[in-house]
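*Asks:* So you can see what is in the structure, the chains are spelled out below.
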Amino acid sequence: MSEQRLHELAAFAAQTSLRDVPEAVLENARRSFTDTLACILGGASMQPVRTLASVLHSPGHAARIIGTPYRSHPYHAAFVGGVAGTWMDADSGGTKHPAGGRVPPVPTAHPAVHLLPALLAAVGADRAMGGEELLRIYLVSHEAGARIGSATRLLPGIHPHGVHGTSSAALAVGLARKLETAALARSMELATALPLVTALHVAMSGATVRNAYAGIGARNGMMAAEAATHGVSAPGGAFDAVLARGLSDAIDEVRLLARLGDDWESSRAYIKPHACARWIHPALDAVASLLPPEPLDPESVDSIEVRTFRFAAMMNDPHPATDLGAKFSVPYSVAALVCYGRVELEAFSPVAMARPDLRRLAERVRVLEDPEYTAALPERRPTTVTIHSRDGRVASSSVEGGRGDPEDPLTQEELEGKFMRLAGASLGAERAAQSLQLLRRLPELPSLDPLLECLTP
Amino acid sequence: MSQPDGGVGAVSAVDRLLDVLGTPGDEERRLGVRILKAVGVLAASPLPFVPAAEGDPGGSLTAQSVATTVALAVRPQADVLIVVEIAAAALSAPWLADDAARLQALVAGLRIAGRLLPDGVLDAGRDSGSWGAIAGGVGVAPRDDREEQARIAYIAASLTLAPVPVADNDDAYLAMRSGHAAASALLAVTLASAGFVGDVEAIDSVHERLGVASESGPRRGAVELARAGLELLEKAVR
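Residue numbers (my numbering), protein chains in the order written: chain C, 1 to 457; chain B, 1 to 238.
Derived from the structure by calculation, the hints contain no laboratory data. You may find that some hints are simply not true.
Stated by the list, open to error - Simulated restraints on C-beta separations:
hint	chain 1	residue 1	chain 2	residue 2	range
1	B	R16	C	S289	50 to 56 Å
2	C	E253	B	K235	55 to 61 Å
3	B	D168	C	Q4	20 to 26 Å
4	C	D357	B	D119	52 to 58 Å
5	B	A97	C	G428	38 to 44 Å
6	B	S45	C	P409	52 to 58 Å
7	B	S45	C	R259	46 to 52 Å
8	C	S300	B	A97	58 to 64 Å
What the hints assert, rightly or not - In silico contact screen, one side only, chain B against chain C (beta carbon under 8 Å); selected entries:
hint	residue
9	V20
10	G22
11	P24
12	G195
13	V197
Predicted model, so just to flag it, every value in this text is computed and none were measured. Each residue gets a CB set at the ideal place from its N, CA and C atoms; glycine is no exception.
The whole structure should be built from the sequences, with the hints applied where relevant.
*Replies:* Here it is in structure tokens:
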């Protein structure tokens, strides 16, 4: 049964041409590709990722570690790419949990940040592939991963990193290697049978090993595609064992396979405007609507009250120990937005983490659960923010959800601005601009060489 | 920012685990030498789908190649997979300069595994791909740096695979799980050295997930584990 379902997904992926894809879906794929690449490049500028890449550097290998001057075995390139892509917590994900009922509203899947590092590592030495095929593989692999994520219900406390994105990575690598449909399906099931058990609390506690999960998923996906070409298979029924009875407790057949090619789950993914946990975004959007154009003196703020839904309200630690912990802290993220005007690169730097005024303001951020807001989940994520200034002014703003959802997408200017800032951090502004120019005409690129060349500083 | 036990938070679950480390006994040495020799022989012809180990800083590709190849050669049985995973890590860590250091790493890993593993019959689809990552990682960790050992244990425990039911003909898949464990052992060392912080609940989480009580004392000695693995390894060599 599971083999047949994966065979259908693999056949769809192998046979879909970009000419069959509606323009709006294609445009979403281009935006998603650009955004995911931005996240990898931004993460590659982070010191632990740079250290990891330098340790794994092996000049005899062809695969580039994106965003760094280093090369390594493709497995390592995929691994570091996945680590980099999640480091900033700026990467995209599925929006709504299946059937609308499961809380907490963990994203349904993060396939993009698993598959793109593996795909780029796999095509590094492929001189024949052009931009159209790269984008096609990205789109159909993303769609397969988004559907698997949407069709499954992860157990409470389990996070998608390292779980079903691994099969997207396997599919992408298999497509890049032009595997036949049966081998693609075998790759996907084998990858599904190599799942990490990634607990949500790890990220919330600030344990940065969380950032390795998608990297391992990308690596294992790549490895699964390689093994499948040599006839290795997963145990029979592994897909169900993992996703219907293991880490997830159900598979929705309709969401998995219905209207393939007509209905695109991947187009329902969000693109993050802020580099932190998605649940915090409504609070940040509300704060942003109240701030002046320039960063505010945090000492001018007496207190900030955030009224939100339960799972955002749980992220109320005003003293996060690591940058990852800070990305899962409403008080820190709100204070960082006030101090920097943007919750992105600077906001979680060692300098920011050590800023006494930012830390003091975080202590003055009160986070409260509003039961009515919790009841609105998962369709809406209402949040109200009230800022009390020292001069007695009070300003309040309410939002119904986070920007970046399909209903409220980032503008092209915002998306490309995010790319320029994140890519610029690892490549420098000039190379980032060159990369963006190439990405704008990705489907027309006859060769990937210029783009891949641009993605190293 | 990180606590002295190498993770985030105040829990120190790893302490009772690291207490078993120490100087190898004579029998542990004798068995360990034979295990390393047998694994080295069986790893001489890598499988076609394992990564080529040339240019492998950190050693994780080599560990993956060795563990996958050897695990398949012994027709994966749970008793031997854990031993293979630990031995592959010990043989592949580039910073272990000589046979004595590799032997020390193997015995340390076996002792840790003896502490981690469940009582009773092992299950290949459950017990491969998990315990070996933790035990192998601690085994190759710096000998006199308890904080680093703990950090590596927590990271490795976070990279373990979920159990998957297997049948008699799933040898290649099981070998891949062992390859993952051995690679993860060395990746954990690399990640720790790059400053990554582990999850202090990870070891208890693995125990809970795999249905093993985490608070009981050592369940198997390194010698018992080594003997079980060695018998199958030397049979495969013959």
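*Asks:* Hey, does the B/V20 contact hint survive, CB to chain C under 8 Å?
*Replies:* 23 Å, violated
*Asks:* Taking the CB of C/S300 and the CB of B/A97, does the distance hold inside 58 to 64 Å?
*Replies:* 59 Å, holds
*Asks:* For the hint 52 to 58 Å, verify it against the beta carbon of B/S45 and that of C/P409.
*Replies:* Holds, at about 54 Å.
*Asks:* The hint names B/V197 as touching chain C; please verify it with the least Cβ-Cβ distance against 8 Å.
*Replies:* 5 Å, holds
*Asks:* I want to verify a distance hint. Is the separation of the beta carbons of B/D168 and C/Q4 within 20 to 26 Å?
*Replies:* 23 Å, holds
*Asks:* Hint says 50 to 56 Å; check whether the CB-CB distance for B/R16 and C/S289 agrees.
*Replies:* Roughly 52 Å apart at Cβ, these two residues keep to the hinted range, so it holds.
*Asks:* Given the hint of 52 to 58 Å, is the C-beta distance from C/D357 to B/D119 inside that range or not?
*Replies:* With a Cβ separation near 55 Å, C/D357 and B/D119 satisfy 52 to 58 Å, so the hint holds.
*Asks:* Take the C-beta atom of B/A97 and the C-beta atom of C/G428, compute their distance, and say whether it sits inside 38 to 44 Å.
*Replies:* 40 Å, holds
*Asks:* Between B/S45 and C/R259, is the Cβ distance one that fits in 46 to 52 Å?
*Replies:* 48 Å, holds
*Asks:* Does the closest beta carbon of chain C sit nearer than 8 Å to the beta carbon of B/G195?
*Replies:* Result: holds, 5 Å to nearest chain C Cβ.
*Asks:* Close enough to count: is the Cβ of B/G22 nearer than 8 Å to one in chain C?
*Replies:* Hint violated; B/G22 Cβ to chain C Cβ min 27 Å, cut 8 Å.
*Asks:* Taking the closest Cβ pair, is B/P24 under 8 Å from chain C?
*Replies:* Since the shortest Cβ distance to chain C is 29 Å, the answer is violated.
The earlier numbered hints that this structure contradicts are 2, 9, 10, 11.
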